[in-house]
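Residues per chain, in single letters:
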Amino acid sequence: MNDLARVEARDVVGARLVQIIGEIDLSNATDVMDAVTRAIPDDTPLVMLDLSGTTYLDSTGIEMIFRLADRLRLRRQDLRLVVPPRASIRAVLELTKVDHAIPIQDSIITSTGD
Amino acid sequence: MSGVHELASQLPMPEMATLLYLVYDPTTRQLRYTNAGHPPALVFDATRSTFLRRALGPPIGVTADPTYVEATYQLPPGATVLLYTDGLVERRGKSIWQGLARLRSEVEPTAAPHDVDAQDSTDLDALCDRLLSTLLDQHHVPDDVALVAMRPQSSIGGPLHINLPAEARMLAHMRVAVRRWLHELDVAAPDVNDVLVACSEACSNVVQHAYGTRPGDMEVSASLDDGTLVLVVRDTGQWRPAAGRGGGWGLQLMRALMDSVEVEQSAGGTEVKMRRHVQIGEAP
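Chains as they are written, first to last, in our numbering: chain F, 1 to 114; chain Y, 1 to 284.
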């Protein structure tokens, strides 16, 4: 992966939290996708893809997220995105209707009753 | 610098060398430099000129254990940095200080007559030609001469024009340049993001579809007039249809983020022209 982005992962209660920190574009989307996939064990029921630290995202990143969602669906793993309400990447996620296909939450803290 | 000195000291030759090493950060407009016995860089703009005399150490490979320090200089917008070898300023029978003073008087606007020459100082190639022809003794050039002139593009208020190789790794560089230009114009943050994504989408298309396996360039021009941003992304390749590409979100995003998107294809290449009204300053 080039130095535009890095991927960090850790276990939180009931889920695997994968953070993408930096920018995702054509130059690194495939590598970021591979790193994210590697960071997800087969037996994780829920994956939270944390984009709080993602400072740039365009259609290549959107395609990456949809591919990841497809792959996880086959493995019967749930995917949720974490995107702060005022994040600059929100516009792109909403325009491409990612929010219709994948649940987006504001922070990694799951709301009560979730 | 110390590493270079050690390397030079180990060379089996009695040569010494001078070295001026500069790093320029376009975001902060800060020059960091260290100098091993080289004639000082000259910085000048339309109103003043100054030599970067600080951080001066001995030439490389001369003293046993030299200390090299670093100095910084805040480059004013529109200023030019001139680097040169001593051949430019050294003349027989004259001190190097006379040579430096002469160089300085050549770049000072008051010295240049306000006709054709004044115009010359805006063009770096013409500037170098003029310095070489006026400073060098045509009949006797005792030393070789190298000259480097650098002027960071001062885009404040003016249009942006960048030309980069059409490679994926260049997209981030393109975004840095466009982002800086938009910030200098005080375009509001959400609009900056929208424009950056649209511009990056257009450039990604150039990278993926314009040239096939051939190398080529992508060209980004932008101007802001009365709150309307016009952004043009151009290539000189043959557009390949986006067959087999998943989604095709790129063009869709460009259309959603900008007020208008026109794609014009010709035998000479493809031009994508986008317009967008932008907020100047923060929203009320």
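To be clear, the hints were calculated from the coordinates, so they are not data collected in a lab.
Accuracy of the hints is not assured; some may be wrong.
Per the computed footprint, the stretches of chain F lying under chain Y, defined by three or more beta-carbons under 8 Å from a beta-carbon of chain Y, are [unchecked claim]:
#1 21-35
#2 68-74
#3 92-104
Quick reminder that beta carbons are idealized off the backbone N, C-alpha and C, glycines included.
Outcome of the hint check:
1. 21-35: holds (count 4)
2. 68-74: Since 0 is below three, the answer is violated.
3. 92-104: Check passed, 3 qualifying residues.
Consistency with the previously given hints fails for number 2 only.
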